[in-house]
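Full structure from sequences and hints, please.
Protein chains in written order, with the working numbering: chain A, 1 to 266; chain B, 1 to 613.
I should point out that these hints are in silico values taken from the structure, not numbers from a laboratory. Quick reminder that beta carbons are idealized off the backbone N, C-alpha and C, glycines included. Misleading hints may appear alongside valid ones.
Claimed, not checked - Listed below are several chain B residues computed to face chain A (Cβ distance under 7 angstroms; list not exhaustive): (1) P50; (2) V52; (3) G55; (4) L272; (5) L273; (6) Q278; (7) S298; (8) P301; (9) K304; (10) T309; (11) E313; (12) K376; (13) P377.
Said to hold, decoys possible - Which chain B residues stay away from chain A? Per the calculated CB distances, all over 10 angstroms, these: (14) E49; (15) S156; (16) D161; (17) H204; (18) D279; (19) R296; (20) R305; (21) G333; (22) D350; (23) P387; (24) Y409; (25) T438; (26) G515; (27) T545; (28) M546.
What the hints assert, rightly or not - Below 27 angstroms or equal to it, Euclidean Cα-Cα: the simulated DSS-like pairs (lysine-lysine) are: (29) K91/A with K284/B; (30) K533/B with K198/A; (31) K101/A with K284/B; (32) K341/B with K114/B; (33) K355/B with K413/B; (34) K341/B with K355/B; (35) K355/B with K376/B; (36) K533/B with K114/B; (37) K284/B with K137/A; (38) K66/B with K269/B; (39) K124/B with K169/B; (40) K269/B with K200/B.
Here is how the chains run, residue by residue.
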Amino acid sequence: MNFSRLRALVIFATIVALFSLIAVGYSVAELEAIAGNEWIPEISAAAGMALGSSYAETMTEAALEELAVNGPTIGQRTAAGAALAILYRNKTGEELLEILKGTADPMIRAAAIEPALEHLLSITSEEEGFSLADYLKDLATTGETSELRLAAAKAYYIVTANDATAESAAADAAGEGELALAAGEILGGFYLFFPPVKTQAELEEIAVNGETEGLRVAGRDALASVLINSDLTVQELQTTLTSIVGTQSAEFRDAYKIALATRFSA
Amino acid sequence: MKRLLLVMAGLLLVFSVSATVFAQGYETMPADAKIVELGVEGSGYEVLEPGVRGGIMYTSTFTNPKKWNSVTAHETSTTVYTNQMFRSLVQRHPLTLVHEPELAKSIDVSEDGKTLIFHLREIKWSDGVDFTADDVVFSFNDLYYNEDVETDTRDSLELPDGTFPVVEKVDDHTVKVTLSMAFRPVLAALENGLIMPKHKLAQHVHKLNPDVPAGTFNEVWGFGEEEDLVGLGPYIVESYTPDQQVVMTRNPYYYVYDQNGAQLPYCDKYVLLVVASQDVELLKFRNEETYAWACRPSDVPILKREEATKGFEVKILGGVFGTLWITFNEDYGLGEDDPAKDQLRGLFRDIRFRKAMAHAMDKQTIINNLYNGLAKPQWSFVSTSSPFYGGRESYGGPVTEANAVTYEYDLAKANALLDEIGILDADGDGYRDFPDGTTVEFELNTNAGNTLREGFCLIMAEDFERLGLKVNVNFVDFNTLVTRLLGATLYQAVVLGLTGGVEPNDGANVQGSCGGLHFWHYSGCDEPYEDEKRMDELFDLAASTMDNDKAFEYYLEAQKLFAEQSLGMVFSVNQAFTFSVYNIVGNAEVISTYATPTNYRGLTWDLVYLKNQ
Numbered sequence: 001m002n003f004s005r006l007r008a009l010v011i012f013a014t015i016v017a018l019f020s021l022i023a024v025g026y027s028v029a030e031l032e033a034i035a036g037n038e039w040i041p042e043i044s045a046a047a048g049m050a051l052g053s054s055y056a057e058t059m060t061e062a063a064l065e066e067l068a069v070n071g072p073t074i075g076q077r078t079a080a081g082a083a084l085a086i087l088y089r090n091k092t093g094e095e096l097l098e099i100l101k102g103t104a105d106p107m108i109r110a111a112a113i114e115p116a117l118e119h120l121l122s123i124t125s126e127e128e129g130f131s132l133a134d135y136l137k138d139l140a141t142t143g144e145t146s147e148l149r150l151a152a153a154k155a156y157y158i159v160t161a162n163d164a165t166a167e168s169a170a171a172d173a174a175g176e177g178e179l180a181l182a183a184g185e186i187l188g189g190f191y192l193f194f195p196p197v198k199t200q201a202e203l204e205e206i207a208v209n210g211e212t213e214g215l216r217v218a219g220r221d222a223l224a225s226v227l228i229n230s231d232l233t234v235q236e237l238q239t240t241l242t243s244i245v246g247t248q249s250a251e252f253r254d255a256y257k258i259a260l261a262t263r264f265s266a
Numbered sequence: 001m002k003r004l005l006l007v008m009a010g011l012l013l014v015f016s017v018s019a020t021v022f023a024q025g026y027e028t029m030p031a032d033a034k035i036v037e038l039g040v041e042g043s044g045y046e047v048l049e050p051g052v053r054g055g056i057m058y059t060s061t062f063t064n065p066k067k068w069n070s071v072t073a074h075e076t077s078t079t080v081y082t083n084q085m086f087r088s089l090v091q092r093h094p095l096t097l098v099h100e101p102e103l104a105k106s107i108d109v110s111e112d113g114k115t116l117i118f119h120l121r122e123i124k125w126s127d128g129v130d131f132t133a134d135d136v137v138f139s140f141n142d143l144y145y146n147e148d149v150e151t152d153t154r155d156s157l158e159l160p161d162g163t164f165p166v167v168e169k170v171d172d173h174t175v176k177v178t179l180s181m182a183f184r185p186v187l188a189a190l191e192n193g194l195i196m197p198k199h200k201l202a203q204h205v206h207k208l209n210p211d212v213p214a215g216t217f218n219e220v221w222g223f224g225e226e227e228d229l230v231g232l233g234p235y236i237v238e239s240y241t242p243d244q245q246v247v248m249t250r251n252p253y254y255y256v257y258d259q260n261g262a263q264l265p266y267c268d269k270y271v272l273l274v275v276a277s278q279d280v281e282l283l284k285f286r287n288e289e290t291y292a293w294a295c296r297p298s299d300v301p302i303l304k305r306e307e308a309t310k311g312f313e314v315k316i317l318g319g320v321f322g323t324l325w326i327t328f329n330e331d332y333g334l335g336e337d338d339p340a341k342d343q344l345r346g347l348f349r350d351i352r353f354r355k356a357m358a359h360a361m362d363k364q365t366i367i368n369n370l371y372n373g374l375a376k377p378q379w380s381f382v383s384t385s386s387p388f389y390g391g392r393e394s395y396g397g398p399v400t401e402a403n404a405v406t407y408e409y410d411l412a413k414a415n416a417l418l419d420e421i422g423i424l425d426a427d428g429d430g431y432r433d434f435p436d437g438t439t440v441e442f443e444l445n446t447n448a449g450n451t452l453r454e455g456f457c458l459i460m461a462e463d464f465e466r467l468g469l470k471v472n473v474n475f476v477d478f479n480t481l482v483t484r485l486l487g488a489t490l491y492q493a494v495v496l497g498l499t500g501g502v503e504p505n506d507g508a509n510v511q512g513s514c515g516g517l518h519f520w521h522y523s524g525c526d527e528p529y530e531d532e533k534r535m536d537e538l539f540d541l542a543a544s545t546m547d548n549d550k551a552f553e554y555y556l557e558a559q560k561l562f563a564e565q566s567l568g569m570v571f572s573v574n575q576a577f578t579f580s581v582y583n584i585v586g587n588a589e590v591i592s593t594y595a596t597p598t599n600y601r602g603l604t605w606d607l608v609y610l611k612n613q
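Given below as structure tokens:
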């Protein structure tokens, strides 16, 4: 998988993680109209993120899987993916691993990442010297698919959270692969509270020019939080997204997209 | 969808499994109801607001309960539920932490503080039976003071002179408590005595019913007896499914109302999901399957990333109650006539050595590396959150740390103190030596598996080595370590923690020279140092006065004295209390390290409400 493909996966995993439970603020019809227009992809996707919980209540799993793969716009595919992430919580661990390892469309596999975490955390073995952390770390590097590796990486950082420091998360995020991406998510959390807390300008710089994808993911997540907590309106966020189409970095645009999705849902 | 499924599962459980039958409740608010004025100036509840009734509050735990018997429970996995089912004569206000009447509507205290008259509320148990003075007398005389009943509460009720408060019925709604001596923390002690229903439990007490064997009461209210549970608190256990959930439902006769006449608790039910681990608790919270969770400091980076998008708040509040410290055994090898041990003991007994160790503690590195920055340096044996904490200006006043006795991280000062003692590196091998030429070397132990303490030991050992002290770090089984610690002369140096509370007198068994946990100098009971004699006096004075301001002054002197002249424990850092709660939870502002009357993970259950009802 090349970097751009990997990035798309991470973006979607974030959508699943962050928007699978919030309520819809805008009407469904309004959001569907926005999601159906792909002129500015990030705005379309933001509306799709906000639609997830509604679709999970009104659509079947099969219909959502069809929409996630063949939806005509990124917003519609995103909405279906977010909804699937909710419905997939009712699947067993084995079913989820089957999806993650399988040949389904990456949008489908990505929807199984967050629901699979509980199963991954409960894995045990009678093998002498078995270490869940070691097992997950290994799976995060050798798993059959990128989605499985990312799920394992996220679980790994939960299991080893007690050992993580801001320094170690930064070092790991500077690496490569899914472990670096998951470390970037942890690092983004540190940026928001661990002194010295990063300013918005610093976060923007990291989201745009961070040396690795993991570091930019950290900047993206923390920047998104700052934007959500700011006074920026839907209109202002949309204006910014319109003005930066195809520029800056994907992570920088994603931060605004996440903030916009949250405003849509408020 | 998930929420709907959970609710449906919960309802099915109610109708299919539980045989609990609840009475209808009061027809009108009882005259003796307790009114909490939420949001009203001067009530202590200014930061809260009247809520709306209804809904199910979801939280989680990773341990199953052991039983429902509050009197015999030792473990928080049980008391988390029993503390909701039962109440005591007095309880601490959840925000001000000041004791106030609870099951009593008022208390008269004699001038000498030795006689307390409790005027009881005329209220009912959850099954509709009247609550009376007989229940109070039964709880103390037939349960807590009954040697046939296995209860930890008995110890907490014992006065310094070894007697117990005498509890007598005056009339159906009046109880007299008589003390052999003035004892200011009497309310804190009585708070531990949750009141139990005589009409349900007397039949199981051998003393009252010789037909049942001795010890019968200790087995009462086990699993499967949920339908027999009766309480006075806001919630009663309705059903329990091992490894899945405990469902508590509102007590229809709960006696607490808000100022608008709404009977508390606000939520219809309180459900605790029983999950496999704290990591799964994290996932449940992230999925909004639970609404509130006392997260760990290590979870904060994970949760902070999501709090804005998911609509919850990670609260990072003041320090938790409890301490983490290193102690050096001043009785090591005492009475063994072993010159090597005598030499090491002599070093540990030198206050300059313990001060050097205090200067060698790099608290900032410990805070940054082990606690993600979520801790503060600690210097006192009293918890920061206690109104008696010596860093305050007065009893319950603001924390200014004006009185703090601190030892900054300064290896040069530590080196100078060790040089002054006369332990120098005589042979040039990098380690300091005793005058007889042997290397200064000691073991530093902590309990294996506690990653925080292990990390703390390693950081300390590194700095000790820099000082030229040879340290052997050992991680040993917890019970083995405690045995060594309590073995008076056995251990050399240990890193461990103690729980804490609002009232410093609860720690009299640690600071007192004859205390059962005076582990750094047990011989002080027979031959106390001057500072230990004064500590004993100060604790007695603080316990005997009925004036909190005076008690504060005594405890302040004790805290400074301990930090300046004893250092029997060299304190490290105080971990911040971290809590995460969704924005739909109303009155979450009540969250504190010592929220009562729950005393469990920060929330005061009867005041919390759900905004989406």
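Going straight from one Cα to the other, do K355/B and K413/B come out at no more than 27 angstroms? holds, 9 angstroms
Minimum Cβ distance from V52/B to chain A below 7 angstroms? violated, 18 angstroms
Compare the distance between the alpha carbons of K341/B and K114/B with 27 angstroms, and conclude whether the hinted pair is satisfied. violated, 48 angstroms
Hint validity - G55/B Cβ closer than 7 angstroms to any chain A Cβ: Since chain A brings no Cβ nearer than about 15 angstroms to G55/B, farther than 7 angstroms, the hint is violated.
Compute the least Cβ-Cβ separation between D279/B and chain A, then decide whether it is above 10 angstroms. Not fine: 5 angstroms to the nearest Cβ puts D279/B too close to chain A.
Within 27 angstroms, alpha carbon to alpha carbon, are K284/B and K137/A? holds, 22 angstroms
Do the alpha carbons of K533/B and K198/A lie within 27 angstroms of each other, as the hint requires? Answer violated: K533/B to K198/A is near 51 angstroms, above 27 angstroms.
Holds or violated: K355/B and K376/B, Cα atoms, limit 27 angstroms. Answer holds: K355/B to K376/B is near 19 angstroms, not above 27 angstroms.
Hold the hint about P377/B up to the distance rule: shortest CB distance to chain A must be less than 7 angstroms. Given a least distance of 15 angstroms, the restraint on P377/B is violated.
Quick one, is the P50/B hint okay against chain A at 7 angstroms, beta carbons? violated, 24 angstroms
Run the C-beta distances from P387/B to all of chain A and say if the shortest one exceeds 10 angstroms. holds, 28 angstroms
Going by Cβ atoms, does G515/B stay more than 10 angstroms from chain A at every point? Its Cβ never comes within 10 angstroms of chain A, the nearest being 33 angstroms, so this holds.
The structure shown violates the earlier hints numbered 1, 2, 3, 4, 5, 6, 11, 12, 13, 18, 19, 20, 30 and 32.
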